[in-house]
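Chains as they are written, first to last, in my numbering: chain A, 1 to 324; chain B, 325 to 648.
You may find that some hints are simply not true.
Claimed, not checked - Listed next, with one range per pair, are the computed distances between beta-carbon atoms:
1) B:G368 x A:E220: 42 to 48 Å
2) B:G419 x A:R255: 30 to 36 Å
3) A:L156 x B:K365: 30 to 36 Å
4) A:D261 x B:E545: 41 to 47 Å
Said to hold, decoys possible - Sample of chain B residues facing chain A (criterion: CB under 8 Å; computed from the structure):
5) S421
6) I433
7) S467
What the hints assert, rightly or not - Here are the simulated DSS-like pairs of lysine-lysine, each with C-alpha atoms no more than 27 Å apart in a straight line:
8) B:K511 x B:K340
9) A:K16 x B:K457
10) A:K133 x B:K648
11) A:K187 x B:K457
The hints are simulated quantities; they were obtained by calculation from the structure and are not laboratory data. From the three backbone atoms N, C-alpha and C, an ideal C-beta is built for every residue, glycine too.
There are 2 protein chains.
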Amino acid sequence: MPLGAMYSSVEADLIKVENLLKTAGEVDSQHVAKLLSYSLKGVGKRIRPALTLLCGQLYKYNLDSLLPMAASVELMHTATLVHDDAIDNSMVRRGRSTVNSIWGEEKAILLGDYLFAKAGDLCTDTGNLGVVKLFTQTLETISAGEIDQSFGAFNLDQTYDDYIRRISGKTASLFALATESGAILSKSPPEAVTSLRDYGFNMGIAFQIIDDILDYISTEEEMGKPIGSDLVQGTLTLPAMLLLQKYPDDNPVKRLFQNKDEADRPRDVARAIAMVRNSEIVQECYQVASDYSSRACSGLNILPDIPTRKALIELAMYVIRRRK
Amino acid sequence: MPLGAMYSSVEADLIKVENLLKTAGEVDSQHVAKLLSYSLKGVGKRIRPALTLLCGQLYKYNLDSLLPMAASVELMHTATLVHDDAIDNSMVRRGRSTVNSIWGEEKAILLGDYLFAKAGDLCTDTGNLGVVKLFTQTLETISAGEIDQSFGAFNLDQTYDDYIRRISGKTASLFALATESGAILSKSPPEAVTSLRDYGFNMGIAFQIIDDILDYISTEEEMGKPIGSDLVQGTLTLPAMLLLQKYPDDNPVKRLFQNKDEADRPRDVARAIAMVRNSEIVQECYQVASDYSSRACSGLNILPDIPTRKALIELAMYVIRRRK
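For reference, chain A alone in the conformation it holds in the complex (with noise of 0.2 Å):
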């Protein structure tokens, strides 16, 4: 199923959702604005707002306060696309340039600030402080999960659970946001607000996995930034773990994480893609992602029978199969 048929019925509300990202870039400074049309231009999935809208149809839709909602969480999202490639010093997102590559990193940090900033305006657009708490909350997660990240850059000392904890933190955290926004906005009984945060929370550790592996298996041309960036930027994500246990001793990620000199670097990242690659590897953390999949719809059985239950199921396949 393409990912528009798991959207259909919310496919009109997500338009909506888009002419409100458009007027939140239409501001006084010409300045901002030119900024701010750029960095919402680049359309991705808006798997984040659909999820929001979704889980809003389950009891009382109310677009009222859904909408602000789905376009603030997506905001949320440019936000910290935009900070992450200002960091990782990356110059092609969504096979565009970034802001940080066209403008320079000063811009993309106080770009990153305004949209965190209109973000929560949009949240307090709902009129429910509850949900402006979680998403102030899910900031500070997201930004503890990155801190930790960066902290633990080229540690070869780090476990599963440790991996599990940064993408809770910098991933999963979100996509529970989007579905559990939804699910409280519109006045979901308590026992389907638990199981809509947690199947967002699921789902978002399957997603991020599936990112994982595509810096591993996947095209430049498909994935529209370059692979192999996460050895690059020294983060350990779940194929290079499985790598290190299968192969202790002559590995590449332990010469790259170990060895300083750049010039070796190419080469060693060209070698832990191509051991992965031609690996159970692969399949392993397919199998951990479906794992997660398949726990976030574990839940769902108590939500009504509509056919947006089973667009939630959908959508929680689609993020083990997509490519990109």
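With chain A fixed as given, assemble chain B onto it according to the hints.
Just chain B now, kept in the frame of chain A:
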């Protein structure tokens, strides 16, 4: 009158704000805790939280909401400083090494993000959605002001109005948030909210003009950071603007902004500082700041005639005569 005397009526509660900030630094991640503890230890004047508490004293003083709000404005201020230092590559602030100088720019960006989130989180503890909205919109204004400043770097073609607009965004808006939120949370009548907002806003402009003067006439020892940094960053402040007006032909600021050769910069910066110091420019800038300080106080007569009102007036005068 020393700063402490103006704070006397809120002194005990400012300590509670300090304790709240300390609690905010207690987090699970040891990496995040380390960065937070360091960045919150660099005690400034705490003028913004003091303003929130003071403005909260004029009507129904409600500590339950004023404390988190005061802590929130201080954290937002800290977050902007952490990002500013990262952007400017500043090594020292308040006599201490900056976060970016110790842990690198990457950690500083992420810590700033965390601090913004925590500031928002504390703001939601006020239980007042309107104040949270003010918070997010203030952060938008600050970031937009910083973006405009960044695009205007090394641009000689800026007017006095551009300057006032810029410092309104990057500095006065946060002072206005500090005072207005205090007024709102203590259930001040609408005209008092407006008066206190205007007080904070105009005081913020005065505060920034003094900051910009001190960057020319102070010493590194007194300021706890290098002087002349605005010129080095290509930021055209009021003293430099007046210098350009008075000496349109042979002018060190002009040379500095137009000359790409970095080797000449220290000489031009030193020359500009000397020329500003040995002219009536300093006095003229003080006059502009003083006018804004008076304007700040001009609407306070509608407030209850209690010692706090006098403290606010003293504070507006202190802002002008401060040396750091």
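These are the hints, each one checked on the structure:
| no. | hint | in the structure |
| --- | --- | --- |
| 1 | B:G368 x A:E220: 42 to 48 Å | holds, 47 Å |
| 2 | B:G419 x A:R255: 30 to 36 Å | violated, 43 Å |
| 3 | A:L156 x B:K365: 30 to 36 Å | holds, 32 Å |
| 4 | A:D261 x B:E545: 41 to 47 Å | holds, 43 Å |
| 5 | S421 | violated, 18 Å |
| 6 | I433 | holds, 6 Å |
| 7 | S467 | holds, 4 Å |
| 8 | B:K511 x B:K340 | holds, 21 Å |
| 9 | A:K16 x B:K457 | holds, 22 Å |
| 10 | A:K133 x B:K648 | violated, 36 Å |
| 11 | A:K187 x B:K457 | holds, 23 Å |
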